[in-house]
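Visitor: Use these hints to put chain B onto chain A, whose structure you have.
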Amino acid sequence: MTRPILDVHELRKHYPVTEGVLRKEVGRVRAVDGVSFTVDRGETVGLVGESGCGKSTAATSLLRLEKPTGGRVVFDGEDVTGYDDRELKRFRRRAQMIFQDPTSSFDPRMSVGEAVAEPLRVHGMRDRNRRRAIVGDLLDRVGLDAADFDRYPHEFSGGQKQRIALARALVINPDLVVADEPVSALDVSVQADILRLIERVQSEFGLALLVISHDMGVVREICDRVAVMYLGEIVETGPTEEIFEDPRHPYTEALLGSTPIADPRRRGQGTVLTGDVPSPSDPPPGCRFHTRCPAVIPPDDYDVSSATWRAVLDLRLRVETEGIDLEAVEEYVTERGEAGPDAVTEAIREEFDVPPELPDATAERALSSALDAVVAGDREAAVERLAAAFPTVCRQRRPGFRLQGRDLDADQWTAIRSLRTWLAAQCNDDPQSVAALLAERESAGRRSADRSSDRRRQEDAGTPAERRRRVREAFGVPDRLPDGDAERAVASALDSLLSEDYEAAAATLYDAFDPLRAAACHLEADAPRDAPGDD
Amino acid sequence: MADEPLLSVRNLETKFHTDEGVVRAVDGVSFDVRRGETVCLVGESGSGKTVTGESLTRLVRSPPGEVAGGEIYFDGRDVLDMSDAELRDLRGGRVGHIFQNPQGALNPVYPVGWQIVEAIRLHEEVPKAEARARAVDLLNRVGIPEATRRFDDYPHEFSGGMKQRVAIAMALATNPALLVADEPTTALDVTIQNQILRLLEELQEEFDMSVLLITHDLGVVAEVADRVVVVYAGKVMERGDVFDVFENPSHPYTRALLRCLPGRGGRLDGIDGRLPSATDPPPGCRFHPRCDHAVDACRTGGQPPLYALSDDHDVSCVHYGPDGDPEVVRGDESAGSAVGPGDGGHVGDDAHVGDGGHDPDGESGDGGNEP
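So the protein sequences, as listed, match chains A and B.
Quick note, the first sequence lines up with residues 1 to 535 if you use this note's numbering.
Quick note, the second sequence lines up with residues 536 to 906 if you use this note's numbering.
Check before you lean on any hint, since a few could be wrong.
Stretch-level coverage of chain B by chain A, calculated; a stretch enters the list once three of its residues show a Cβ under 8 Å from a Cβ in chain A [unchecked claim]: (1) 653-662; (2) 718-731; (3) 791-800.
Bear in mind the hints are in silico, worked out from the structure with no lab data behind them.
Glycine included, each C-beta is placed from N, C-alpha and C at the ideal position.
One chain only, chain A, in its complex shape (with noise of 0.2 Å):
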């Protein structure tokens, strides 16, 4: 493995939610918050998740079809975030994108030749018979004819224009192509072909192949690498097999498990998950999925079951967010013909499935007393007391990425991976030198320090060992990683950037790091972690 083309770091994309004739923004969706992953030249990787996880926004993101909010896209050397457009209109030629809707993406009164030629006119190919020529043996290697040229997208069925489609997107010979639902809009025995033909030209181009899909079926078959995504994150990256075979965060094992597998001895054996998808636009606090997670942590020192935990941190989460409804379940008592503040709680813990009575006597004695606040009628009282007694580090803390089979916490390889982003930015015809990158670098990090100081350090880069100390200094690597493979990995990159060798520099990092999956859970960071390393 080299150097990836295409590696997106920390992208977002948030939308304000405004209001009034001002326009004051209120709010905003995070549609994308912070989202990280790579594509290697000839490699396929997958983007999954459900509906509204904002997949479709990170890959309309990265080709800069919407301008991005924060984060960086390199793209073979190149920043594309600070792309102009002129820039912009050379980097479209180099990645395309198809869609899920092969219809809706064709204009019904250009003949499919017409269609199929217009990146070539637009990128300036104005010999028509050239075009022609090109075209056809394009629908040729997708299984159509070249005669079909003069045909019109009607006359074709929706696995055929998904070729064209497939077609349209080869033909000015891009070196990345997204496929945004590539074969959800097709019957079954169709999107067999469709995956089979994909797989063939992203052999036979070499092309580096980014794929969003929700049917983990279609990631399984075609994806070399994983990435899965929930409310605008990524919370698992990984080898395709390596993460079915073994999903490490409970999403992932969630999504999995709901996936109807063709095989009625193994039906039943997926995870059910509780509740609905939270909005992006007010995503939850810690980990994202925690409001839905069979695994979230409960403290230390309470004895229940997951189940239980689950059903009582369900309780506590809508007495905070929403509260809950006295007079509907008084109302609903009442039908039962029941009466008093008893009933009511009872009624509430059947509501939210949680046991008449917890098996750990401290837990219940917390959550009966929260529970007359609520029945009392005082919200306030009733979140403190459920918030004190039920706490849980996944709604406390944002899990942080962490690398399986390193010893790096989430902070250190963020630092190291935008290290290594920032290497490959420089891996054009037009690198900046070190000691120019390094004071820019420093400046930014500082906002205003004072320039003079800057000129001067930008003269004097110092000693080797200063130097590597300074770039470490400036991304926030340590100065010695506890891993040991990580550090001799970050040592040797710096070498190969202090003798100006970008390509081997960045070559270094994507190497060490790329091929290990990594998870953002609690769950994850709690295992190997505690041993303390060399410092």
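Guide: Below, chain B without anything else, positioned relative to chain A:
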């Protein structure tokens, strides 16, 4: 009486009269649904599965549609013989329907609870208060949290999964004996789909209903069906117990369909060709133009009869008939067992396109395309 199936469909034919000719959407479909069981009608688009479901209570709009032939016996009574009043009573009464898009089943300008009350009172004379209590109870049972409070909410205030729950509550309002669910989870995310399928299972037990589930998704079928009916181009290709059909798929179409499933392991194969014309279907077996095992006998006459393979497994294919040899179909190496390997149906390493499958050389084989 108890042995008699709840629903018995015989040689059902539903046609649509269009400018292009008569579309034979359902062309001689037969199957039974027994009491308390779940039957899945599975097929691709254009197979006639939805029209079959709509024909059961004659929901097919006429004109242009017409239930032109066959018999539909529901609980011992001939549906095709019923008066309009009897049909109205049947629909949303003893037979409930839910559809792919719950939005369509719900009126956007009325609170959901009210719509359930109306569904109840349309079929039964009960006081409003009692109907309301029953509606709340139903919302509770389909898993709407805080049903009493949500009773007065409007459809747009519910998520897709919750809307489908409301639609189910509405279909259950009259205690139907049969629930016809047409792609009830296709528009939903998998985690929500799973919730809804489990819910249907629970409710089926609780209400002692039969369910006819119409779907294109073999995964869903494997998850919930007791019996399966595989339809293609308006004809039944194979039907039987779910275990028989998945473990011993017999019709070449069923076998091909199972091979199409991605991520299952083994070779991924599409089905070449296209669905035959619905106005002018080919003679013989409807699937023969796309079938790898078609012989002369497949190309003439009508659709082969459903040959019995066992008590509860029939297949409409000449290779299983008196002059046929099932090994022609079953011996096909590429098919293998349609279900994944015994260790859990995962993708075998050899089957997956790994790193070795790609040529990192970006310039290979595309010289002609460089503008």
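Visitor: For the stretch 653-662 of chain B, count the residues whose Cβ lies under 8 Å from any Cβ of chain A; is that count three or more?
Guide: Our answer is that it is violated, as 0 residues pass the Cβ test (under 8 Å) against chain A, missing three.
Visitor: Against chain A, does the stretch 791-800 of chain B show at least 3 residues with beta-carbon separation below 8 Å?
Guide: Satisfied; 9 residues make the cut.
Visitor: Has the stretch 718-731 of chain B got at least three residues whose CB is nearer than 8 Å to a CB belonging to chain A?
Guide: Since three or more residues must qualify, the claim that chain A covers the stretch 718-731 of chain B holds, with 7 doing so at under 8 Å.
Of the hints listed earlier, the one the structure fails to meet is number 1.
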